[in-house]
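Construct all of the structure, not just a fragment, from the sequences and the given hints.
Here the protein sequences come in this chain order: H and C. Last residue of the first sequence: number 581 in numbering that gives the first Met the number 0, and the count goes up by one each step with no gaps. Last residue of the second sequence: number 300 in numbering that gives the first Met the number 0, and the count goes up by one each step with no gaps.
Keep in mind that the hints were calculated from the coordinates and are not lab data.
Now the stretches of chain C that chain H is said to cover, found in silico as 3 or more residues with beta-carbon under 8 angstroms: (1) 186 to 196; (2) 275 to 286.
Counterexamples of contact, computed for chain H against chain C with all Cβ distances above 12 angstroms: (3) R40; (4) S154; (5) S332; (6) S450.
All residues carry an ideal CB built from backbone N, CA and C; glycine is no exception.
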Amino acid sequence: MEGRDASPRRPPNSPTLEDARRKAGAVAVSKERQWDIGRQRRAEKIERAKVALSGSLRGKIFSRDRTVVLLEALLSPGDRVCQEGNNQKQADFLAQALTEVDPSRVNNLHVVQSVVALPEHIEIFERGIAARLDFCFCGPQAGRLTALLHEGRVSVGAIHNYLELFGRYFIDLTPQVSLIAAQAADSQGNLYTGPNTEDTPAIVEATAFRGGIVVAQVNEIVDRLPRVDVPADWVDFVVQSPHPHLVEPLFTRDPALISEIQILMAMTAIKGIYAEYGVQHLNHGIGFDTAAIELLLPTYAESLGLKGRICRHWALNPHPTLIPAIESGFVESVHSFGSESGMERYVAARSDVFFTGADGSMRSNRAFCQTAGLYACDLFIGSTLQIDLAGNSSTATKGRMTGFGGAPNMGSDARGRRHPTPAWLKAGEQARRGRDRMPRGRKLVVQIAESFREHMVSTFVERLDAWDLAAAAGLDIPPVMIYGEDVTHILTEEGIANLLLCRDEEDVEQAIRGVAGYTDVGRKRDRRMVENLRDRGVITRPEDLGIDPRLATRDLLAARSMKDLVRWSGGLYQPPARFRHW
Amino acid sequence: MIVPRTSYVEATARRRVEAVLDHDSFWEFLPPEERVTSPHLSQLDLPVAFDDGVVVGGGTVQGRRVLLAAQEGAFMGGAVGEVHGAKLTGLFARAVDERPDAVVLLLESGGVRLHEANAGLIAVSEIIRALLAARGRGIRVLAVIGGGVGCFGGMGIVARCCDAVIMLEEGRLGMSGPEVIEMAGGVEELDSRDKALVWRTFGGKHRYLLGDCEYLVEDDVAAIRESIHQALEAASGFELEQLEAEHALLEKRLRELAHLHDAIDMWRALGLPDPDTLPMLDLARFTPIAHRARSFWKGEG
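So this is what it looks like as structure tokens:
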């Protein structure tokens, strides 16, 4: 019956299986599809490049006066390009060369790189060499980038977190040409990145294995590398840069500049959050607020008997301000995104703590460290510029399209995480607030900021500038650094707001107003509700923790100057010249 | 674990005074409650300080009677105005009357307070005249330099008019400050943001190597007390013979070093081993090496 009914029901023109078979056969006969167009295109480009370099190519090494010619041969209009622009290390010589190519030959490039750091990174948009940008972070160039956006001379795909952009390198944003930086190469083209490996492995892996071309600038060419970080057959061209690549000491904070308010907030964080949850695995932001916490571990945290109970394992760059905590035995391990200028000898001499190669020097890796920060850490704490009444936080402010570095990734709850730790479980339990839900943990995401930042600008706002920035730049979503739903605690000089314990949006709003000090947002608090939140433990003042603000003095810092840090390191730490007051 | 010390660099002028003097021995004249403030700043609608940025008074150092002054770097960079200067001048006049064991100056100043223009300039020349008059009467004058602002301009001259200068490595001593030099001579002349360069040009170690200061001490108030005590015990004098020796030393310095542009080249010329490494050495290792340079200046010109 069913068989009989089936055939009249079929619409008259619907294709049968037989039709499909016939069609497939016809295609196969009419034209053989090519499956290696990318590889062929790559071979053509390399051939073109070899001709352009003519006599100046020895193996993979070419002479630097041919760099612009090489780039013109390798780049086609519309290519996706990554100029290794990391948080710290910069392929600056190649970036400079890219600004000098002929825009009538090389144009409309699509730049896919984590950090837009150098003036050259912007110049290629101004010159019409590049037109589209997908990135993560934009530091000193934020103002110029924002201006270009308004003029419509650059279109931004998205502002990513690092892992997200690296992920897209393997899905839909694979670079066709990558310009990378390494410390040294040998004559074959093997590369040694030195301590600042950073993004290099992620960039090279994606580019080299999908028909792309990798060009490396190196500081020196040597007979024997200390170790091989990138094998030669993943690298196509190597040039010796006339000067060592730029490395920014982004993570060096001079203890002399830490204020007593920051010390009070650090005491509050240690006693009210680190000790409270027993935080063992963590990441810190790069500001002075968190540097203060690092410098209070050997003194204040030690006096509370917290050694061995908090802060044992870190996903963190080698912050100089961590030296006293390492030397006094708080810190057991540190994996790093990148290195830090001046810390090389210290790191090499502390291989039980840091990740180092057989050659003794440090190995960093941003992709892996971001993964560690997301999945293996119980706490992220960092500063911000604006927080709204739902706890959304952003460092993108009017006229400054900054992007966010590591915070959006590490400051997000890892929903896929399974392994329990006491801190993660306790935060999860607070988040459930006794409701009958599936037990799971929660990452602690803490935003630490003074209620007023420089020039008496309020950190707390009714509405983030990110909304206006998104509208002006035509972005689909406002550039938020950390979403309110991921933030668990907001910490100011007035105390801690624990958002996990808030029952509804009104609780969240009043909890935030309740620690927003004398800002407009803070003065609009409902006093009765704030007192009630304090009774419920949602808001905790320093005095509730038994912290006497009068004891928050600089005498508590384990190091009060850069020189103290050098002394703690036994002379191994060598601060860059700009940080030396002696 | 590093033993915590009480930082002199970070202390305010008043805390420095307390830390340097014997406990409870300090007395002050023209204290803040008398509110002798600058007449010029109030005319310009600028904030004033009740002590005009300088503490003057007396006390004892390990039992020795001293008069002392301390400039507050946090108020207008320790700059000298009319009242500020008059307090210092008065201190020396009082010293001539009282004959203490020494006058101790805890200096931190960018020089003359520009807002007070000529009054500030005149004040500095009066300080110098009063200082030299006191020394002429056999009163020993000591300067301590180790604040964030450094010791520049007119107060740089005042410092070099003293019997002895005690410096911290972090201290800086000079005439024009690094920013002023950069503004006048361009960044090629001096990059004021290159801190290592600034410190090896003006900092305590260089001053010690050139013979501009007699004591170089750690940033620790106990160490400073100790060196003040030593300076009180050391031989001193203000005779023609010493003045001529000083002039000979300066001449020799010009001859040997004036053509060199970086402190490191000067240290090399003085015969110091591995001059590049000197800025990073701690004082325990630096001082023995520095003695070689110091004996160079004391040797025959």
